[in-house]
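*Asks:* Here are the chains, one letter per residue:
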Amino acid sequence: MDHKMIAKQFLITGMTMGLIGMVMSVLFRLQLAWPEQGFPILERLLGKWAPDGVMDPSIYLALVTIHGTIMVFFVLTAGLSGTFSNLLIPLQIGARDMASGFLNMLSYWFFFVSSVIMVISLFVTSGPASAGWTVYPPLSALPQAIPGSGLGMTLWLVSMTLFIVSSLLGGLNYIVTVLNLRTKGMSMTRLPLTIWAFMVTAILGVLSFPVLLSAALLLVFDRSMGTSFYLSDIFIGGQVLEHSGGSPVLFQHLFWFLGHPEVYIILLPALGITSEVIATNARKPIFGYRAMVGSILAIAFLSFIVWGHHMFVTGMNPFLGSVFTFTTLLIAIPSAVKAFNYITTLWKGNIRFTPAMLFSIALVSTFITGGLTGIILGDSALDINVHDTYFVVAHFHIVMGLSAIFGMFAGIYHWFPKMYGRRLNKSLGYMHFWLTFISAYGVFFPMHFLGMAGLPRRYYTNTAFPMFDDLADINVLISNFAILGAIAQVLFFFNFFYSMFRGPRSVQNPWKSNTLEWTTPVEHIHGNWPGEIPEVHRWAYDYSKPGMDEDFVPQTVPLQAGEPKGH
Amino acid sequence: MNTFLVVLVVILAAVAIGQVVRVLELSSSVSGKDPNAVTDADNNRQGWYMMIFLVGMLAFFLWNTYDAWGTLLPKSASVHGAEIDKLMAISMVTIVLVFFVTQPLLFYFSFKYRGNSQRKATYVEHDNKLELLWTSVPAVVLAGLILYGLSTWNTIMFKAPAEDPIVVEIYAKQFGWNARYAGNDNQLGDAGVRNIAGANILGVDQNDSKSMDDVVTTELHLPVGKPVLFKFRAQDVIHSAYMPHFRLQMNCVPGSVTQFGFTPTVTTAEMRQDPHLQAKVENINAIRNGRGDEPYTFDYVLLCNKICGSAHYNMQMKIVVETEEEYNNWMREQKTFAQTL
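As they're listed, the protein sequences go chains A and B. Just so you know, we're using this note's numbering here: the first sequence kicks off at 200 and counts up by one. Just so you know, we're using this note's numbering here: the second sequence kicks off at -1 and counts up by one.
Think of the hints as simulated: they come from the structure by calculation, not from any bench. Just so it is clear, the structure is predicted and the values come from calculations on it, not from any experiment.
No farther apart than 25 Å at their CA atoms in a straight line, the calculated lysine-lysine pairs in the DSS-like style are these: (1) Lys118(B) / Lys764(A); (2) Lys547(A) / Lys118(B); (3) Lys744(A) / Lys110(B); (4) Lys547(A) / Lys127(B); (5) Lys744(A) / Lys118(B); (6) Lys744(A) / Lys127(B); (7) Lys208(B) / Lys224(B).
Bound-form chain B, shown alone (with noise of 0.2 Å):
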């Protein structure tokens, strides 16, 4: 029944619209004028129309970035996410600047000339020399951009690797992580999906020697200001290992073994203790309370950043940097592989 009343009065309503509409543009015809052609009026209304959208597009653009401020990440936690940092930066000061230039031309532009009867264009065709000026100075900008990018892509991607990283694996799979540290030989056992079997849920191989002294864990802890070398293998469909701290991100994929190396600067102590992090764990905190939840401490964390299934948007894994000493308490009290045997 209610349905029914809803489709009638949708269709009412469209009658009605429709009636009002018939009868402005009757009564336009009957005056001799075409109801639908655009008059000096129209072009100039929206002209201004045209002119008040920019300053509130630029305004919204303005409070946006006021208000989201503060929810932004907070600094880099790693070496070289200060650099993307920078980058990012420089990219983001050019384009906003493009942004606030080309934009008002656009829409200045289209107030200025809006149109009148009494009035003809400019019949322009072309400008070598201006068409020349607005491919050369992108080009010569983007050149700068492109050798900035890659020069940053190739210190992150292509570095010495620094000698003796400390060798983790982090495991995917439906839907949560697993991290696998190299024990003391620093040199993960050999691993695959076949040996999966009861309590060795990451299949790693029994017969590697290399296997005993590796340490599965379902935490990440990390000694701040050493390199680390992550290797991520995935055991289902494809995940993305993101960790957002630290401007880290790499797909894992099944099948096949991928790497990125970094060296974490900032320990979840410290990183508490960030002023930006604490307005904004404030502010959470502020937001939760009001809906009676448990109040919120920051810690590092790893998600998956690609869609992997039902419970995608909740595969999480906790990272703590911490230091040296700490991280080698808290490895004391992991069981090695050959211990869960």
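Next comes chain A alone, as it looks inside the complex (with noise of 0.2 Å):
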């Protein structure tokens, strides 16, 4: 029931999905590349769905389905913000564990048992879900228009519920426990960015998956009792349904109210992570604290008013496609000031290049990458041609899953010490992270010019149209990466275990930082610190304070005479 025990169960099975997503995908990519070739080892991996090692088209949707619900879910929601929020939250504000330890557990088997359902959906005869992992019916709800909506589909609806159920659980706890159970003096304007980014990311959470819960819910009433909220005048294998009167364009409604927030519940904890990594190994304070904040805050209240640039192209009236396009760019100005804040935090700074900090660093990279995409995909007029086109897998890709990976490993090189005790091995972090950087530029950059040569996503084979003959080129290119950026994360998956077993033991505070996550004993203790919590006199961010012998000041440190009270 600790909370550092919990973080790290997170952690292992976000990691466990994160390898099954990882595959899927590289097998998607043979095909992708090397259509109708024969590989041995779709056989074995995919049996009946790849006779001769030629995967069958409704698998590859299988496969796109739920590497897309892992990653997304699994991997960046649960695996990160459930990893960090609860290893970080009561060590950074100086509480002995979350305000509900029983929640807390309760989050995690959810979780887990979510996890194992969406497993066992792979192993059904019909198939897994393969309807795309944003399901829009009628597609999911007909098991006539694909296998893959049958048994496979309803796991994947019952699973998603114990999810979001989870998450529920979780995210009232995180802010509940950020709220009202900071130690003395750590006021909110004290807290580390990773704090304040793991709270607005339980508040978009608590907000939004419910929503996504009734969209589920309803789904399930149109599969299994008949009702027509979602399909209406359907004919489908040779005869007419008697679904009448609902809207398939509601169910997209309700997803994306969610699915909006989402990209930012993703990105949030990894842009807070990334402050904290940042400021810590660049000797700096992060530049425009309360900037820093309130982009957050600006971030987090848009997210919830964007959900339509998703649906341009759905027929909604055009009006709408207007309002949303001016609120989905106005995201833009708050991620440049967090982009800008980040480069100037590096600016005459002390960079000490660890793993972590790499990685916090590609992550600026692909987040300005990324996002500046962004600002094409946002606007309507533009996205009629780029829509549901490789334009969009790039863009998403690089902002979210890049941004959101990248600070995932940057936060475990950073709190792997925290967490087991021990160090990882700095080598084998070095050479992980630029083969990981290199290939997911090489991966997702050449994608820009497949959307923009109207390439269709979520095509089992681009060969059924001459005109995209000369893409195949990219699309080997692009696979070759993806082999490479697999195999890189062997590097990783062995350091990990490797240290967390026989790694050089960890002294108190490895990094010289300033939070108070690096004043616990080593050894885990339940309750944290041994006697008293510790008082805090500043923020987190005295690095290279003028007039202090050390190039960092703990938050537990008075203020001395005449240091000016600052924050």
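With the hints as a guide, bring both chains together as one complex.
*Replies:* Below is the structure:
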């Protein structure tokens, strides 16, 4: 029930799911680069779905669906937020544990069961859910439309329902803990940016996940009780269905009301971790602390009123398109503030390139690159021609997938000593970073061009259209980088598990960091601090402060005579 | 047996790496140093890698652009598409400029301020002027892009309906398309899935007098320069009618009718003469020739761009844009709905 143990459970489960999601991506990249060519590994892994090693079109769709679901929810929501909110909230605010240790434990076990069900769904005869991770009905509602919409989709819905329960239990707990259990002196403006990010993320989750639950419930009703929330006027398999009067677009509204905040549920914790890692390793205060908090709040607020940009071409009233274009492009402003503040934090710093720091800098790079293409996609007029093409795939993988996973890696490298009392191997970390970073851009950068050539996403093969034949080379390049990137993760997994047991022991504060978690003993104890909870006297970012002996001043050090009060 | 060997090799390799790492760590802890502490030499090396990466990334960007240029879509073949292309060009130039300013700053600062144990960082908390600058400049640039984008969107979506557009229904089902022309009265007859029977695959209402002159086809022919109003319907799941050459896309949603108005400006024959497209087709045919495939002749095409089932990847309809005379000749050869009954 200890929050540190729950954090580790979230991490290991998230990493396991991440491994599954990554292997899936390699499998469908094999298909995309070398269609019609048989790969024994596909036959071994997919069995009847890949006769002679060539995968079947339905299983291709199942793979992209489950890859998306696992990465978005299981790795980058639960794996990222679950791990670091649990680990850091009590430690960084000076609390002995979460407000409710029991709810916290429930949150993990709901997540665990939900993961198990999602994995089980891979083994049902009719295949797992295959309607895309956004599970738009009617495709997801009708097994006649695609086999994965049978039992596979039912399991998907059950799994996601449990997932939402887990996320709500966790989120409420995080909010209450941050608001109520801060130690003496830890005012809101002294909180490390990690905690701000985790708290705002939890608020987003609490407000938006219930809407996904309602969307899922209505889908369950349509699927098994004959209601018509999303279904109307359908002729399939030679007969007309009874359903009448529903609208599939309603589902999209409900889905994206969660779906867009979800992007920031994924991204904000990564940005929070990056703020902390960059400040610590640049040995400089994070530039513009208040602006950083303000931009987190602004992004969070805006994230609720932009969902329609996923739906510009659904036929909804074009006036709504105009409104959503306006609100969507506004997000670029707080995002630009964050990007420039990160860059300025590096300016005149004294940068220590730990693997965590490298991943954080990489995050800023991908956040900028992916954010910029958002300006294209958020513009309704431009979206008409690149909507649902590889341009979108490139955009969201870079801005959300890569940024968030880099944030997660940064967090793991930075707080590994806190979690396991040991150090990760530095050289393996460097190798892991460079291979990952290079292959990440190598995979997703060229995809922009595929999109601008008009190539739709979720195509099992592009050979049905001769006009796409000249894109085959680019697809081979992308797949090669994808395989390289996947192999690079072997270094990480090895480093992680090896160092967990055999790594050199860590000292109490290996990064010379200011925040409270490094004042706890290396060995985990229940309650975190053996004696009194320390009192906080300053903000978390007094790095390289003039007049101090060391280049860091932990938050527990009282103000010195003559030191201005500041934060 | 093979599986067993592979597993064995993987395990042995892991053990081997583990031992090497162990030896390295032990040897440096014997010399009294923390093997995982970041040294000045590390900072120096990683700082240089940052610079090398920056150069490599920008070079990759440029090479990619150069390499993929010929594969991009040819010039737009519709009136509104030209507007979209202009907006796209301006937005692209803007974001590429920002990319080429911010990425070098990020990696150059990482390199320039790489750590050194002799040095201390400069303590800077914030600077209101700077922060105001990078709040207001993006705000102004975005305001420009938003205004331009919205005015383009409004002309595409809200422009006064052209007098007498040719009304064509685009009908989507797993996994194919049909077109239904409104016929001489230029009014589509009522239709619904409940009327589907036998040859009446689109569910056209036989009791509606407007239906009788409707024309159902498997190819989409359009006269150049004439406004067209598409009405989209879907029979089973959501599809998306995507015509990249016209910069046109609209979802086809079961239970409702969506629409998109546009005017094609370039005939298929004219487009085949476009130099960019000719180079692209030549390149494609070189590739196809190498594989022993039939040569490819360019045609406009309608694709499905919303996941709709296992054959989603192969749901297409040929589009022909031609002179009005050719169009009328083609239309005369088609059977009306009444004739097919």
